[in-house]
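Student: Construct the complete structure from the given sequences, taking the supplied hints into account.
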Amino acid sequence: MSGTIEFFIDGRPVTGRAGQTILEAAEDNGIYIPRLCHMKGLTPYGGCRVCTCLVNSRAQAACTQPIAPGLIVDSDSEAVREIRRQIIEMLFVEGNHFCMFCEKSGSCELQALAYRFGITAPRHPYLFPRREVDATHAGVFVDHNRCVLCGRCVRASRQSDGKAVFGFVGRGPGRRVAVNASGGLGRTEAATADAAMRACPVGAILVRGEAYATPIGRRPYDHQPIGSDVEEGGTP
Amino acid sequence: MNETSTRRIVIEPVTRVEGHGKVTILLDEQQQVRQARLHIVEFRGFERFIQGRPFWEAPVLVQRLCGICPVSHHLAAAKAMDRIVGVDRLSPTAEKMRRLMHYGQIFQSHALHFFHLVSPDLLFGFDADPTVRNIVGVARKFPELAKQGVLMRKFGQEVIRATAGKKIHGTGAIPGGVNKNLSIAERDALLEEAEPMLEWSLAALKIARDYTLEHQSELADFAAFPSSHMCLVRPDGGLDLYDGRLRAIDADGEVIFDQLDDQRYSEQIVEEVRSWSYMKFPFIRDLGPEKGWYRVGPLSRMSACESIETPEAEKARREFIDFAGGRPSTLSMAYHWARMIELLHAYEKVIELLDDPDLQGDELLLRGERREEAVGIIEAPRGTLIHHYRVNADDQITMANLIVSTTHNNEPMNRAVTGVARRYLSGATITEGLLNRVEVAIRAYDPCLSCATHAMGQMPLVVTLVGPDGEVIDRRSRP
Chain X
1 MSGTIEFFID GRPVTGRAGQ TILEAAEDNG IYIPRLCHMK GLTPYGGCRV CTCLVNSRAQ
61 AACTQPIAPG LIVDSDSEAV REIRRQIIEM LFVEGNHFCM FCEKSGSCEL QALAYRFGIT
121 APRHPYLFPR REVDATHAGV FVDHNRCVLC GRCVRASRQS DGKAVFGFVG RGPGRRVAVN
181 ASGGLGRTEA ATADAAMRAC PVGAILVRGE AYATPIGRRP YDHQPIGSDV EEGGTP
Chain E
1 MNETSTRRIV IEPVTRVEGH GKVTILLDEQ QQVRQARLHI VEFRGFERFI QGRPFWEAPV
61 LVQRLCGICP VSHHLAAAKA MDRIVGVDRL SPTAEKMRRL MHYGQIFQSH ALHFFHLVSP
121 DLLFGFDADP TVRNIVGVAR KFPELAKQGV LMRKFGQEVI RATAGKKIHG TGAIPGGVNK
181 NLSIAERDAL LEEAEPMLEW SLAALKIARD YTLEHQSELA DFAAFPSSHM CLVRPDGGLD
241 LYDGRLRAID ADGEVIFDQL DDQRYSEQIV EEVRSWSYMK FPFIRDLGPE KGWYRVGPLS
301 RMSACESIET PEAEKARREF IDFAGGRPST LSMAYHWARM IELLHAYEKV IELLDDPDLQ
361 GDELLLRGER REEAVGIIEA PRGTLIHHYR VNADDQITMA NLIVSTTHNN EPMNRAVTGV
421 ARRYLSGATI TEGLLNRVEV AIRAYDPCLS CATHAMGQMP LVVTLVGPDG EVIDRRSRP
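Top line first, the protein sequences correspond to chains X and E. So the first sequence is numbered by our numbering: it starts at 1 and just counts up by one. So the second sequence is numbered by our numbering: it starts at 1 and just counts up by one.
Among the hints, a few may not be true.
Not close to chain E: a few residues of chain X, all C-beta gaps over 12 Å, as computed [stated by the list, open to error]:
1. L42
2. T64
3. R171
Taking lysine to aspartate or glutamate and the EDC-like style, the derived pairs with C-alpha atoms no more than 20 Å apart in a straight line are [to be verified]:
4. E:K154 / E:E195
5. E:K166 / X:D222
6. E:K141 / E:D127
7. E:K166 / E:E95
8. E:K167 / X:D222
Hints listed in this document are in silico derivations from the structure and should not be mistaken for laboratory results. If you're wondering where the values come from, they're calculated on a predicted model, not measured in any experiment. We put the beta carbon where it would ideally sit given N, CA and C, even for glycine.
Tutor: Set out below in structure tokens:
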């Protein structure tokens, strides 16, 4: 059939549509590929690398790599899982992630990934960086301690909100998310209802007045691992 | 160094208390005990690192001070934050859910302390072999009692889980209310489990009561001393562990202050810093640092309240007061009896609340006019717990002061240890008997040293004896 592409994920023959990424096609086939920076409706970014697969034996980001006929994608071998574990652990140690009191606990994608991968403690030393909080906006609280630089807020602000509230500044270890006004988020055109304020996978961008409102036991990842919705064939 | 200066004995770390303590006994040139000090050498700094955090995090963050009674910190912080969001009175559902959580916690914490930490001393005697005088020894010789202890703690923990979401470090209380009500299924599960708890609570009370009565003369000479007492009371002077106004009485039972609004606690309670401990020494302002110290906790609550609203606990309280001759009890060891009266009271309150349809209500959260400063006070299992916060216009905490139960009991614990050392130290050697008795005296207060300095870690006990010129004469520890 025209436009249909056949390839393999973990030895299983699957089909996808031309133009789809490996991650998208995998989802259509009920296969969950872990990710952080990927978000439906936003341009693929390939930033976090949590979706790394071995594609014809080469490490590739599944969220940006288009499918092609006959591709052999390894998404679930121990080698691939270990790459992802290492990435997730590095994300933990390079920020200040204290799940025990974070209001995003139970609905945090980073925490949920750690649970899915059975990570109880990172193997790398914590860097304990000095980072700031931005409490200047009346409706939104920004805690840079928890930012994983996924860029979802940056893209959502541009692509969904038609603004450019968030952007990256700095390079290498100095890279961070900044806002487009001196004096903090409260000085920008950011609105609490902006899509960017709901795009954060972790507890870095928080809409005020919602903390801990969902009781333990009813939060998204309290009972099922992240990705279960995809694996059950539903829409994530 | 002058030869006539004092000598010192150190006991560290103290076993079977929550946290890490060290005892130093200072001797004078006549080898007599000049002073004994319970050192708190840990430092954790919650009050500092919470600064800058959003206020709604406080109830969940500060409870990490402790794994034994985190609910106390959770609720004290939540009560303060209720005021911050302008709510002076919660919805009935929210207040009753919080009370249920708190009584569940009192029940589990008192059961843990009595069965796991104290019962070995009472059942085997202070001088019994430490390898037997522990919870494993109790489980071997009194298996049914040990089982009851475990199941009672579990029941309290299940009440906490149903109200806070988790047995330890839940999120149930949020500024202005709670995040859930109690479902019928949760209620029925708890009622089913509650069935044997009344009988077991009465039996535990009997052990503590009988022990005190049978050892009256010995206990009168063991860490016993008159003191002032402080706790929250209801407007009618009755016991209230969740909310109320502050009352302090002196050693004769006369009122020092009464019905003090919790928001104005600092008008009466002042903290003094001493160089040898990270724990502060609070005192009643009008009485000054020398005479203004006081006790808190079960003994103080039984001494200062005028009634208990639940029938079985009130009956037990009257007997307790009669035993003390109608005056505040001087016995440190009577804490155990008082604690078991509260265990019974907590059980009665849990049952009363489970029968209340307000727990299935839907009005969980209220909001009012925002404030910048607030205080939350609760009667934690170990005594009065004060949380005081200031919050800026951006919702960030700019000041936090936590005065925990063990801090209030700092001076009383030092006096208890000094009394025991004076009575039982013979010569310049730390005997096993002394070591045991120092521990038992400290344990009566159920101190949470971890909370008191906001420190973590749990280690066994060491005592050091230090002489007049500062040299260590003896040192004894238990692994």
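Student: Can you confirm whether the C-alpha distance between K167 (chain E) and D222 (chain X) stays at or below 20 Å?
Tutor: holds (15 Å)
Student: Given the hint that K141 (chain E) pairs with D127 (chain E), does the C-alpha gap stay at or below 20 Å?
Tutor: Judged against 20 Å, a Cα distance of about 17 Å means the pair holds.
Student: Measuring Cβ to Cβ, find out whether R171 (chain X) lies farther than 12 Å from everything in chain E.
Tutor: Check passes; 27 Å lies beyond 12 Å.
Student: Within a Cα-Cα threshold of 20 Å, do K166 (chain E) and E95 (chain E) meet the stated pairing?
Tutor: Within the cut-off at roughly 19 Å; holds.
Student: Quick one: work out the minimum CB distance from T64 (chain X) to chain E and report holds if it exceeds 12 Å, violated otherwise.
Tutor: holds (35 Å)
Student: Below or equal to 20 Å on CA atoms is what counts here, so check K154 (chain E) against E195 (chain E).
Tutor: Roughly 13 Å between the alpha carbons, so the hint for K154 (chain E) and E195 (chain E) holds.
Student: Quick check for students: does the CB of L42 (chain X) sit more than 12 Å from each CB in chain E?
Tutor: The claim holds: L42 (chain X) sits with its nearest Cβ about 27 Å from chain E, beyond 12 Å.
Student: Is the Cα-Cα distance between K166 (chain E) and D222 (chain X) 20 Å or less?
Tutor: With a Cα-Cα distance of about 11 Å, the restraint between K166 (chain E) and D222 (chain X) holds, given a limit of 20 Å.
When each numbered hint is compared with the structure, no violation occurs for any of them.
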